[in-house]
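Participant: Please construct the entire structure, taking both the sequences and the accompanying hints into account.
Listed below are the residues making up each chain.
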Amino acid sequence: MTRTAPTAPAPGEVLPPPREPGAARRSPLSRVRDAIFRYGLLILLAALVVVFAVTQPAFFTTFNLLSILLSVAVVAIVALGVTVSMSVDGFDLSVGSTVSITVMLTAASLVYWGLGPVLAVLIGLVTGTVIGLINGLLIVVARVPDMLATLGTMFVFAGGSLLITAGQSIASGSGYQGAAPKGSFTDAFTWLGQGDVLGVPVPVIVLVVVTVAVILFLVRTRSGRLLRAVGGNREAARLAGARVGRLRVLAYVISGFLAGLGGVLLAARTGRGDVNVGADYLLQAVSAALIGFAVLGANRPNAFGTVVGAIFVGVVLNGLTMLNAPYYAQDFVQGLLLVGALVVSFSALFNRKAAR
Amino acid sequence: MTEDRTVVLAARGVGKRFGETTALAGVSLEVRAGEVLGLVGANGAGKSTLTKILSGTEAPTSGHVEVRGRRVRLASAEQAREAGIETVHQDVDAALVPDASVAENLVLPLLVAGRLGRFPSRRRIRAEAARIAADRLPGVDLDAAVEDLGVSDRQRVLIARGLATAPSVLVLDEPTAALSVDEQRALHATVRELAAQGTAVVFITHHLGETVAVCDRVVALRDGAVAGEFAAPLDAKRLAHAILGGLEATAQRSEVATGGEVVLDVAGAQALPGGPAIELVVRRGEVLGITGLLGSGKTELLEQLAGVRPVLAGTISIDGVPFRPAHPVDAIAAGVGFVPEDRARAAELPGWSVADSLTLPDLARYRRGPLLSRRAEDRATADLIRALGVVCSGPRAAIESLSGGNRQKVVVGRWFAAGSRLLILDEPFRGVDIGARADIARLVRGAEAAATVVASSDPEEILEVADRVLVMADGGIVGEVDPRTVDAETLADLMTRAARPQETA
Chain A
1 MTRTAPTAPA PGEVLPPPRE PGAARRSPLS RVRDAIFRYG LLILLAALVV VFAVTQPAFF
61 TTFNLLSILL SVAVVAIVAL GVTVSMSVDG FDLSVGSTVS ITVMLTAASL VYWGLGPVLA
121 VLIGLVTGTV IGLINGLLIV VARVPDMLAT LGTMFVFAGG SLLITAGQSI ASGSGYQGAA
181 PKGSFTDAFT WLGQGDVLGV PVPVIVLVVV TVAVILFLVR TRSGRLLRAV GGNREAARLA
241 GARVGRLRVL AYVISGFLAG LGGVLLAART GRGDVNVGAD YLLQAVSAAL IGFAVLGANR
301 PNAFGTVVGA IFVGVVLNGL TMLNAPYYAQ DFVQGLLLVG ALVVSFSALF NRKAAR
Chain B
1 MTEDRTVVLA ARGVGKRFGE TTALAGVSLE VRAGEVLGLV GANGAGKSTL TKILSGTEAP
61 TSGHVEVRGR RVRLASAEQA REAGIETVHQ DVDAALVPDA SVAENLVLPL LVAGRLGRFP
121 SRRRIRAEAA RIAADRLPGV DLDAAVEDLG VSDRQRVLIA RGLATAPSVL VLDEPTAALS
181 VDEQRALHAT VRELAAQGTA VVFITHHLGE TVAVCDRVVA LRDGAVAGEF AAPLDAKRLA
241 HAILGGLEAT AQRSEVATGG EVVLDVAGAQ ALPGGPAIEL VVRRGEVLGI TGLLGSGKTE
301 LLEQLAGVRP VLAGTISIDG VPFRPAHPVD AIAAGVGFVP EDRARAAELP GWSVADSLTL
361 PDLARYRRGP LLSRRAEDRA TADLIRALGV VCSGPRAAIE SLSGGNRQKV VVGRWFAAGS
421 RLLILDEPFR GVDIGARADI ARLVRGAEAA ATVVASSDPE EILEVADRVL VMADGGIVGE
481 VDPRTVDAET LADLMTRAAR PQETA
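First to last, the protein sequences are chains A and B. The numbering used here numbers the first residue of the first sequence as 1 and each following residue consecutively. The numbering used here numbers the first residue of the second sequence as 1 and each following residue consecutively.
Certain hints may be false.
The calculated label-pair distances, taken between Cβ atoms and stated as ranges, are [stated by the list, open to error]:
{"no.": "1", "chain 1": "A", "residue 1": "V54", "chain 2": "B", "residue 2": "A113", "range": "56 to 64 Å"}
{"no.": "2", "chain 1": "A", "residue 1": "M322", "chain 2": "B", "residue 2": "R367", "range": "45 to 53 Å"}
{"no.": "3", "chain 1": "A", "residue 1": "V333", "chain 2": "B", "residue 2": "R73", "range": "42 to 50 Å"}
{"no.": "4", "chain 1": "B", "residue 1": "R73", "chain 2": "A", "residue 2": "F60", "range": "53 to 61 Å"}
{"no.": "5", "chain 1": "B", "residue 1": "R185", "chain 2": "A", "residue 2": "V141", "range": "45 to 53 Å"}
Note that these hints are calculated values from the structure, not bench results. Remember, predicted model here, so these are calculated numbers, not experimental data. Beta carbons: idealized from backbone N, C-alpha and C, even for Gly.
Facilitator: Right under this line is the structure:
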């Protein structure tokens, strides 16, 4: 269909970032747009930190900054799982319910069944992993579309978390339906959510470890690379030798495991098993992952962006709280942030690829 | 005989560039009322681009289009339709709603234009559809779902719909590509009849025999320019010359490799279910070409060898080891590298770098401990980029920043990176500029360590690259030619005759 122009293109003419064929030479305006597309979110984050630090001296303290990280740790960990499922071009709507049911099962293991902290943590992690496996099999083997399959399991496991306790919340000292408790939230367990190492909260340490692990997995391992290939072009990945089905199941298993880990940390932080506590985590984790699309102009799921997205939301909410904004405005603000980030990612205004 | 007729549609110096590639370099042509103008050319000659410009789906980068002597800007298919130009594209399914009825599909443009009112009744739709169908759709049930119709009937539905607006120009893009011989004849008759009623028809095809049967005049395109214009009576041989150019060999031919050991041995395989048995042998260092028209089964055969679709019958061995791949993974493990026909759909990963695209099939090679080594990848791919002659800013350049030809080099080159022993290339030159085509041909010819199977429906390409050429038709091998003694015309002739033995009857 095409042939080369008479002169061969000089290597300098095909330098990245890729230019839309036939597009005009880059004007100052388009440079600004490019900058917004790539660095907009990071610049905005820095600007917010400066503004909050100037107006509220208490904002820019080690204590407050760590408490922001602590407040976003669980969301960010769950969001990293969402990022992995999005990386195979999938979607996991069940992560919130997975958080809920792991919280309840972990709490029940400690209080109802008195199994001790180690088993409780294991049960929580296994629960998340098994849910991920169920999602993956529904999607890959039963061929249910990802959104629908995980919508279904979202319902099932949200309901399942109520069955465990007959709809009651679990606290230390409350046994199953009035029976005597066999155990309690031990200090060793709550340390996972409330303790610190050299002043750094344990969930923040876990977040750092998980972030590094997920980034390394997605970018620097064979499985991670193939997994992203499946997300980029399933047929191309298959023809290049990727076992597409297995990789898709793996992605949901990782997503489920990380949601389970989030649930365990949440139970440890709150020191109770609250009914439906995970429901909020779906929207928050998905928005963090989607806001992450706008980080460094990735325009696709990426683990680094996801964590930045979660921190971004945390900073905004923390700063607004300090400025005495009402708590009930939080969802509204979070929604606005999400829409703004999506516009930066997808709108042809900023993203030349979207202009096609 | 058409000289006195009015020119209803004209292209004046129409050019189209996509970044660094020129698809059309200043094409001028005129279409007159009541004539059938054939538009012919090889793959990549610019037929589709010109069609898109005439039908308003692409804007020219230079020159302009005139309708009845007045310069127009066709910014959309709707504007082209208003100017009296109706186009039936090759992919008929893109223009039909599969689960809607024939009647609903027929009135679709009216519905969209709001000419049936906001809440059209079933009866109104049925009546309008019957009016549009008139006597053009005998044997087609207006209440049947379009998805239940055959290709030929779907195309008739589209043509009938196109004629509803009484266009002055009807553009038919490769209308016979998917039709049987009888269906083609029926279509030819329809086209002649339309012309007799005063409609101008632009008939795009790559079958030269067809233009002789149906066209008053033929414009041949080559490399984005008009290579010749011919009036009836048409001569297929002269057309072929115009389309294919001087037929000079562009790649250095090495001596035909015959001494190498057998790499691929196929016995009793079937390209299509129930088709004739296929036997073939490819030796190390040899390039086997397979050619044939659409539907000849060459893609189906290649995909079986690559584990993309299940092996239908027979036995295959690679280096003497029995081979029956159930998944591309099995084929890759056996040393088979496959380049699919459709690069964008089945080979490329949007947004990936050149390095990542090259290393994908054989990532284990770059593993240091549990992690992949970027440095190892960059080093290996930088060498490969040089060897392949990929024009890019480096291993980390985004694949989208490369021209089509260079992207194809990357897709072929990943199998060099993986050290494949058998390369299977399906239409590797499609959408590739001439320079890159020669480069790829050189690469393939220079792959001494591998045996290569190349399929192409373009006789010139296949003669350029292959040591031996097999001609396929209806799922079987119908002939073998030696590229040193056969020219593209003769091969094209062989392909068409093989595919349509009925025509001589």
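Participant: Hint by hint, say whether it matches the structure.
Facilitator: Hints, verified against the model:
With their beta carbons about 59 Å apart, A/V54 and B/A113 fall inside the hinted range of 56 to 64 Å. Taken as a hint, the range 45 to 53 Å holds for the pair A/M322 and B/R367, whose Cβ atoms sit roughly 48 Å apart. Between A/V333 and B/R73 the beta carbons are some 46 Å apart, a value that agrees with the proposed interval 42 to 50 Å. A hinted range of 53 to 61 Å for the beta carbons of B/R73 and A/F60 is consistent with their spacing of about 58 Å.
A hinted range of 45 to 53 Å for the beta carbons of B/R185 and A/V141 is consistent with their spacing of about 48 Å.
Consistency note: the structure conflicts with none of the earlier hints.
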